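Our numbering puts the sequence shown at residues 1 to 317.
The hints are simulated quantities; they were obtained by calculation from the structure and are not laboratory data.
Keep in mind that a hint or two might mislead.
Stated by the list, open to error - Lysine-lysine pairs mimicking DSBU-like chemistry, simulated, CA-CA at most 35 Å apart: (1) K10 x K298; (2) K163 x K54; (3) K125 x K298; (4) K137 x K40; (5) K73 x K198; (6) K199 x K40; (7) K40 x K193; (8) K249 x K49; (9) K249 x K211; (10) K21 x K163; (11) K211 x K73; (12) K163 x K152; (13) K126 x K49; (14) K137 x K152; (15) K177 x K137; (16) K152 x K298; (17) K137 x K185; (18) K299 x K249; (19) K126 x K40; (20) K73 x K137; (21) K249 x K125; (22) K202 x K76; (23) K299 x K198; (24) K193 x K10; (25) K180 x K54; (26) K40 x K177; (27) K211 x K126; (28) K73 x K249; (29) K180 x K49; (30) K152 x K136; (31) K180 x K137.
Quick caveat: nothing in here was measured; it's all calculated off a predicted structure.
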Amino acid sequence: MRIIFLGTPKFAVPSLEALVKEKHETLLVISQPDRETDRKGNLLPTPVKECTTKLNLPFLSCDNVNQITEELKALKPDVLITVAFGQMLGDDFLSIAPTLNVHASLLPLYRGASPIQASILVGDKKTGITIMQTVKKMDAGDILLQRDIDIKTTDTYETLHDKLSVLGARTLTEVLKQLKEGNIKQIPQDEIKATYTKKIIKTSGSIDWSKSAEDIERQIRAYNPWPSAYSTYAQTGEIIKFYSAIAHKTHTLSDILQGLSDITASNGTILHSSPQNGLFIKCGLDILQITSLQAPSKKILPSSEFLLGRNLIGKFE
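Using the sequences and the accompanying hints, generate a full structural model.
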């Protein structure tokens, strides 16, 4: 099929690679302008732009594709595909050809910018990929195909993102085959069941210790590696970032860990800190064991190494 592909981040790369592998004719690849920089301030190519260079595909960087609809129509594509492109598409654009979107949730759940984080935060056992018909309303188009995947209790945003990006590519190729054969089925979304997600910002990672240990453990996984879950160590004022943890029921933990300080302490209190046993923090419900963390301008370390020579006392705020 003759395809125009629109995508920007790493999540979109496997889908683009799959189109080439399946020998579809990629007429043009469009990405958002380069915005990220390295430590020296040099602009870095978007992951999709970098991929097009390797695959020797025609490429265009554009900050508003709605302004180039006539140029795109002239290419006469059979279908347009968007994968985490990051721009709202107008009526003129959507009239060029059927437009399909690869979305990282089982719609109508988790429309919007952060579906992967949302599924981890609420403790879902499954998530998946939806290929949908793109319409002007955000993530509201008819469902063409869905495939699900288990969420492991150890999955972080990063690990689940990578699994879903591969699943998205595989599901997309299935849909294109159905579209070419003329047997595609469109299923309207149930608007009553629709939920929405918000854009993740740096402060999203701030930990509220009045929440349960289970909720905070999910927050740590959902925001690993960015923006990371973090809290201020009251003794020094340092912002400590947390990258993995285990939630423990209070009654169970008190039986297996000797020397645990007063479990009736205020939320955020450090109940135990040692290289041998790790770091345990009082939460609104139960206790959280931190298993990897990072001090400012330092490496991420397992708690057994982080606590060597450190005697963490007091609390996190």
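#### Entry: Restraint status (C-alpha distance of K211 to K126 at most 35 Å)
23 Å, holds
### Message
Tell me if the straight-line CA distance from K73 to K249 falls inside 35 Å.
### Response
60 Å, violated
### Query
CA of K299 to CA of K249, is that 35 Å or under?
30 Å, holds
### Message
Just to be careful, I want the Cα atoms of K73 and K137 compared with a cutoff of 35 Å; is the pair within it?
### Response
22 Å, holds
### Pair hint outcome, K40 versus K193 [Cα-Cα no greater than 35 Å]
46 Å, violated
### Pair hint outcome, K137 versus K40 [Cα-Cα no greater than 35 Å]
Violated: K137 and K40 sit about 39 Å apart, past 35 Å.
### Task
Take a quick look at whether K152 and K136 sit within 35 Å of each other, Cα to Cα.
34 Å, holds
### Task
Please work out if K10 and K298 have their alpha carbons no farther apart than 35 Å.
26 Å, holds
### Message
For a C-alpha distance cap of 35 Å, please report whether K73 and K198 respect it.
### Response
Distance ~33 Å between K73 and K198 Cα, so the pair holds.
### Query
Is K249 close enough to K211, meaning Cα to Cα at most 35 Å?
14 Å, holds
### Message
Need the status of pair K163, K54: alpha-carbon distance at most 35 Å?
### Response
22 Å, holds
### Query
Holds or violated: K163 with K152, Cα cutoff 35 Å?
OK: K163 and K152 at ~11 Å, within 35 Å.
Of the numbered hints listed earlier, those contradicted by the structure are 4, 7, 8, 11, 19, 22, 26, 28.
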